[in-house]
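**Q** Sequence:
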Amino acid sequence: MHRLLVLTSLLAVLLPGCTSKKKADLLVKNAHVYTADSSFAIADAFVVKDGKFIAVGKTSTLENDYTADSTVDLDGQAVYPGFYDPHSHFLGLGQVLTQADLVGTASYDELLERLQSFRKQHPEAMWLTGRGWDQNDWPEKTFPTKEKLDAAFPDVPVALMRVDGHALFVNSKALRLAQVTAGSTLPGGEVIVQRGQPTGVLVDNAMQLIKRVIPQPDLTDKAQMLLAAQKVCVSLGLTTVSDAGISPDEINLIDSLQKAKKLKIRDYAMISLGEPNLNYFLKRGPFQTDWLTVRSFKLYADGALGSRGACLRRPYSDRPETGGFLLLGPSELERVTKLLYASNFQANTHCIGDSANHLMLDLYGKLLKGHNGRRWRIEHAQVISADDFYKFGKYSIIPSVQPTHATSDMYWATERLGPIRVKGAYAFKDLMKQNNMIAFGSDFPVEAVNPLFGFHSVVARQDAKNFPAGGYQMENAVDRKSALLAMTRWAAYACFEDHLRGSIAPGKQADFVILDRDIMTAPNPQLRQTKVKQTWIGGERVF
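Quick note, my numbering runs 61 ahead of the 1-based positions in the sequence shown.
In case anyone wonders, no lab produced these hints; they're calculated from the structure. This list has only true hints and no planted wrong ones.
Below, computed lysine-lysine pairings styled on DSS-like, alpha-carbon distance capped at 30 Å: (1) LYS484 / LYS542; (2) LYS490 / LYS592; (3) LYS322 / LYS83; (4) LYS455 / LYS494; (5) LYS209 / LYS181; (6) LYS320 / LYS292; (7) LYS234 / LYS209; (8) LYS430 / LYS344; (9) LYS594 / LYS292; (10) LYS283 / LYS594; (11) LYS542 / LYS119; (12) LYS344 / LYS325; (13) LYS283 / LYS320; (14) LYS542 / LYS592; (15) LYS399 / LYS430; (16) LYS283 / LYS323; (17) LYS283 / LYS592; (18) LYS119 / LYS83; (19) LYS83 / LYS594; (20) LYS592 / LYS526; (21) LYS594 / LYS90; (22) LYS594 / LYS119; (23) LYS234 / LYS283; (24) LYS292 / LYS526; (25) LYS82 / LYS119; (26) LYS272 / LYS283; (27) LYS110 / LYS592.
If you anchor each label on the Cβ, the simulated ranges turn out as follows: (28) ASP162 / HIS560: 34 to 42 Å; (29) GLU171 / VAL217: 14 to 22 Å; (30) THR203 / LYS526: 19 to 27 Å; (31) VAL274 / ALA167: 27 to 35 Å; (32) LYS325 / ASN497: 26 to 34 Å; (33) SER99 / PRO347: 21 to 29 Å; (34) LYS181 / LYS526: 26 to 34 Å; (35) LYS84 / ALA167: 54 to 62 Å; (36) VAL274 / ASN497: 44 to 52 Å; (37) THR350 / ASN497: 25 to 33 Å; (38) PRO381 / LYS594: 45 to 53 Å; (39) THR203 / VAL274: 25 to 33 Å.
We treat Cβ as the ideally placed atom computed from N, Cα and C, and that holds for glycine.
Starting from the given sequences, assemble the full structure and let the hints guide the process.
**A** What follows is the structure in structure tokens.
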């Protein structure tokens with residue numbers, strides 16, 4: 062009896078040490094978890110501690126192994142890694158939220174109506190600014206001229222950015238303040254002139270003639286813009302966004318807001334090209350925190366297809382007198398890429414037209430030579446010649462594309478490019494084949510912020526009204542598994558952040574999103590109706 066009592070006492074001492082549970086901050090259980098890891102495993106639970114996933118697996122196992130301060134029972138709801146947008150304009154979104162919203166205007170007259178309504182709400186503004194118009198959505202489908210704008214707003218300068226950010230529509234007051242005339246020129250841009258007078262539309266680099274006189278927000282204003290943009294993004298499941306071309310001061314502002322824990326969303330910042338920025342960052346080198354990555358420069362090779370600034374190898378089918386233009390000359394683009402190759406920085410070049418893509422693929426190839434780990438990117442990769450696709454794979458170049466561009470442009474793309482050349486446009490599946498990888502973004506605020514719109518666009522190749530029946534150029538639709546990877550793990554790889562996040566796996570930052578339906582199985586017409594129920598960043602619920 063005495064020996065039994067001793068044994069019982071000994072077991073009482075030893076067993077707690079053997080069976081005690083490990084402590085954690087959060088247990089998410091009874092979920093349908095798309096991990097997006099290397100095996101694309103499906104789990105039903107995970108554990109978070111100190112902002113990172115520490116275990117992923119079965120609910121019964123994790124409940125047995127861990128005790129958590131907080132438990133979320135999802136009753137079978139779908140969970141995904143936090144969504145990425147590897148090519149967007151995060152600060153630009155914040156700025157657009159302070160301007161007149163012209164997206165979706167169906168006519169010049171509707172544009173004026175929205176402006177007049179906005180002016181009543183902001184009668185004190187020194188300039189009337191807005192963004193989002195697209196003449197391709199209007200009955201006449203031609204660039205507007207300033208006469209109606211002048212009549213409606215004779216005394217306040219007006220500057221209205223086209224939806225793609227590559228053309229500006231202004232009134233006479235703005236032209237006079239900027240001293241722009243029919244003779245004003247700037248390489249890589251165009252002041253549109255009719256009957257010897259500026260029409261009020263300036264394309265690509267020529268926009269700088271107006272921008273230089275528009276009052277710019279200070280850092281205090283920009284901080285508020287960033288916080289407003291964050292609110293929109295996390296509500297749509299985005300946990301990492303990007304800023305495709307910002308200044309050192311803006312990068313420092315983002316860094317300071319993140320360190321102050323006011324800005325909780327993560328940001329991949331591309332540095333705006335310019336000699337002062339090159340000199341500063343090439344000496345300093347790349348840097349990365351848990352929230353911010355700065356190791357790339359944003360280059361512009363050409364403009365946009367909608368404003369006919371994209372540089373084509375042959376003239377536009379609907380305007381044979383022009384083939385677009387380069388925003389920087391070939392020698393300057395080569396000089397800059399050589400500087401970046403000699404550093405640890407990534408080159409991310411905006412290329413829309415087949416000529417711009419051809420030029421940059423060859424410039425990259427001369428430096429990269431073959432397979433490599435530099436992760437240089439072509440942003441948009443919108444129109445590719447048939448003999449250029451293989452270069453993405455040969456030189457390990459990542460196509461960073463925006464699926465909704467296809468379904469926004471499909472109504473008029475054939476008119477611009479012709480029936481043969483358009484087959485090499487928005488060719489996402491063909492691009493993905495080159496490296497078995499592609500990165501999907503949105504280019505917001507050029508397009509809608511919602512990443513699920515892009516998911517629907519690339520899977521169904523249809524717009525919000527599920528047009529066209531059967532999809533647009535369906536040979537380049539992408540399967541759902543690849544589409545999810547392109548907005549999670551592959552996007553993280555394209556941003557040098559795959560060691561930090563992009564999948565639900567032990568050691569990765571605990572960024573995840575919970576949706577009201579399973580986008581991997583829901584019918585195509587339901588995808589755009591999917592709602593975000595919760596967004597978590599670093600194990601903290603932010604929406």
